[in-house]
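Construct the complete structure from the given sequences, taking the supplied hints into account.
In order, the protein sequences belong to chains A and B.
Read left to right, the first sequence gives residues 1 to 192 (the UniProt record's numbering).
Read left to right, the second sequence gives residues 1 to 192 (the UniProt record's numbering).
Quick caveat, the hints were computed from the structure, so don't treat them as lab data.
Each hint should be verified, as a subset may be incorrect.
As the list claims (entries may be wrong) - Ranges between beta-carbon positions, derived for each pair: (1) B:Ala127 / A:Asp114: 33 to 41 Å; (2) B:Phe117 / A:Gln3: 15 to 23 Å; (3) A:Glu116 / B:Pro174: 14 to 22 Å; (4) A:Ala180 / B:Gln5: 24 to 32 Å; (5) A:Arg138 / B:Arg33: 47 to 55 Å; (6) B:Arg86 / A:Ala122: 21 to 29 Å; (7) A:Ala123 / B:Asp148: 39 to 47 Å; (8) B:Asp82 / A:Glu116: 30 to 38 Å; (9) A:Asp7 / B:His48: 56 to 64 Å.
As the list claims (entries may be wrong) - Where chain B lies over chain A, by a calculated footprint (3+ residues, C-beta under 8 Å): (10) 13-21; (11) 59-69; (12) 176-190.
Even glycine gets a Cβ: it sits at the ideal position worked out from N, Cα and C.
Protein chains: 2
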Amino acid sequence: MSQDQLDARRKEILTGARTCFARHGYEGATVRRLEEEIGLSRGAIFHHFRDKDSLFLAVAEDDAATMVATVAQHGLVQVMRDLLHRAATTTDDGGDVAGWLGSQLEVSRRLRTDPEFAKRWAARSEAVAEATRERLQRQREAGVLRADVPIGILAQFLELAYDGLVLHLATGRPVHDLEAVLNLVEGAVRRS
Amino acid sequence: MSQDQLDARRKEILTGARTCFARHGYEGATVRRLEEEIGLSRGAIFHHFRDKDSLFLAVAEDDAATMVATVAQHGLVQVMRDLLHRAATTTDDGGDVAGWLGSQLEVSRRLRTDPEFAKRWAARSEAVAEATRERLQRQREAGVLRADVPIGILAQFLELAYDGLVLHLATGRPVHDLEAVLNLVEGAVRRS
Numbered sequence: 001m002s003q004d005q006l007d008a009r010r011k012e013i014l015t016g017a018r019t020c021f022a023r024h025g026y027e028g029a030t031v032r033r034l035e036e037e038i039g040l041s042r043g044a045i046f047h048h049f050r051d052k053d054s055l056f057l058a059v060a061e062d063d064a065a066t067m068v069a070t071v072a073q074h075g076l077v078q079v080m081r082d083l084l085h086r087a088a089t090t091t092d093d094g095g096d097v098a099g100w101l102g103s104q105l106e107v108s109r110r111l112r113t114d115p116e117f118a119k120r121w122a123a124r125s126e127a128v129a130e131a132t133r134e135r136l137q138r139q140r141e142a143g144v145l146r147a148d149v150p151i152g153i154l155a156q157f158l159e160l161a162y163d164g165l166v167l168h169l170a171t172g173r174p175v176h177d178l179e180a181v182l183n184l185v186e187g188a189v190r191r192s
Numbered sequence: 001m002s003q004d005q006l007d008a009r010r011k012e013i014l015t016g017a018r019t020c021f022a023r024h025g026y027e028g029a030t031v032r033r034l035e036e037e038i039g040l041s042r043g044a045i046f047h048h049f050r051d052k053d054s055l056f057l058a059v060a061e062d063d064a065a066t067m068v069a070t071v072a073q074h075g076l077v078q079v080m081r082d083l084l085h086r087a088a089t090t091t092d093d094g095g096d097v098a099g100w101l102g103s104q105l106e107v108s109r110r111l112r113t114d115p116e117f118a119k120r121w122a123a124r125s126e127a128v129a130e131a132t133r134e135r136l137q138r139q140r141e142a143g144v145l146r147a148d149v150p151i152g153i154l155a156q157f158l159e160l161a162y163d164g165l166v167l168h169l170a171t172g173r174p175v176h177d178l179e180a181v182l183n184l185v186e187g188a189v190r191r192s
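Structural data, given as structure tokens:
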């Protein structure tokens, strides 16, 4: 296979795996279900990814890369608006956005009990945090932000709101009013 | 047994169960482990609670009742400060506060797949939301709150921050700076 073919195959695996984790949760996404959703044998799948953990983290890292790019260009509030919009417009049962976020929550216990897993997860979070701080720094230089709170605190405030949105959506709670709530979040970091 | 003895026994079971769920997670808290932690036989435990689900929800309802009382008196921001303080001062590995919150996250998938469980869980969330709105209404009458955003939106903003804090602590992330972040959350709902 050429590098292009390898990249395409990898992407295909990640897309199927994301859907499978969203539908069945992390524990419920058995190797058999992953094979069915991806449409490849376990041999083919695990030629590209060491194991289910690696596959899950690769999906998460893929999402983190997309998120870092969006944060850099439009900010973390826009990432939240996009997430809300996707969750609000999903029509299938429960929604794949909520499902995928839910499967991320399932690993929360692993984060406390498995230091290696926690380390890889932390790297992903730190990339998003870094992009958030850089974006806020540029916003401050443009005079858009409030001047009385350090960048690091503003960034953590936005991350707290993002985490809250993840938990809210992943537990299937109603999305109406959340747009107004996000306006309030955005207003809280801006110059009044 | 007298009513007082029954109440005391019930309380004893809830305390042991909370510790067990915090240590082992929801799935990991087997009946055997619950027996060991509570110090009673399964017969005695399930005389008071129908099954493990009921026991878990009773612990959550117990916590919600405490939370409603604190929200009514001091507000949801104070609940967040208390949670942060307990997480910051816990010395054992990971901390029982984070552990208990983590076991609540584990049930997030159940919320999407088990309507009966989701209904009981929603009742608990609604009690806290109601107490938050009532407290904010009194704060507004006292002239403390910003006047340009409806109570319902301010309440959901605080709940979003609370959810974010739960996810942050349950995934074992660092607590430093979070006090300043909570000041920002509080400032965002107040008259400037």
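Looking only at beta-carbon atoms, does the pair Phe117 of chain B, Gln3 of chain A fall within the given range of 15 to 23 Å? Since Phe117 of chain B and Gln3 of chain A have Cβ atoms about 48 Å apart, the given range 15 to 23 Å is violated.
Could you say whether the range 21 to 29 Å given as a hint is met by the Cβ separation of Arg86 of chain B and Ala122 of chain A? For Ala122 of chain A against Arg86 of chain B, whose Cβ atoms are near 23 Å apart, the range 21 to 29 Å holds.
I want to verify a distance hint. Is the separation of the beta carbons of Ala127 of chain B and Asp114 of chain A within 33 to 41 Å? Since Ala127 of chain B and Asp114 of chain A have Cβ atoms about 35 Å apart, the given range 33 to 41 Å holds.
Mind checking the hinted window 30 to 38 Å against the Cβ distance between Asp82 of chain B and Glu116 of chain A? With Cβ atoms ~33 Å apart, the hint holds.
Can you tell me if the stretch 59-69 of chain A counts as covered by chain B, using C-beta to C-beta distances under 8 Å and a minimum of three residues? Coverage by chain B is violated here, the residue count being 0 at a Cβ distance below 8 Å.
Check of the stretch 176-190 of chain A against chain B for coverage (Cβ-Cβ below 8 Å, three residues minimum): n = 8 at 8 Å, threshold three: holds.
Indicate whether the distance between the beta carbons of Glu116 of chain A and Pro174 of chain B respects the range 14 to 22 Å. Since Glu116 of chain A and Pro174 of chain B have Cβ atoms about 19 Å apart, the given range 14 to 22 Å holds.
Ala123 of chain A versus Asp148 of chain B beta-carbon gap, inside 39 to 47 Å or not: holds (40 Å)
Given a hinted range of 24 to 32 Å, is it respected by the beta-carbon distance of Ala180 of chain A and Gln5 of chain B? violated (50 Å)
Check the following: the C-beta atoms of Asp7 of chain A and His48 of chain B are separated by a distance inside 56 to 64 Å. Holds, at about 58 Å.
Within 47 to 55 Å or not, the Cβ separation of Arg138 of chain A and Arg33 of chain B? holds (51 Å)
Tell me whether the statement that chain B covers the stretch 13-21 of chain A is true, taking a Cβ distance below 8 Å and needing three residues at minimum. violated (count 0)
In summary, the numbered hints that this structure violates are 2, 4, 10 and 11.
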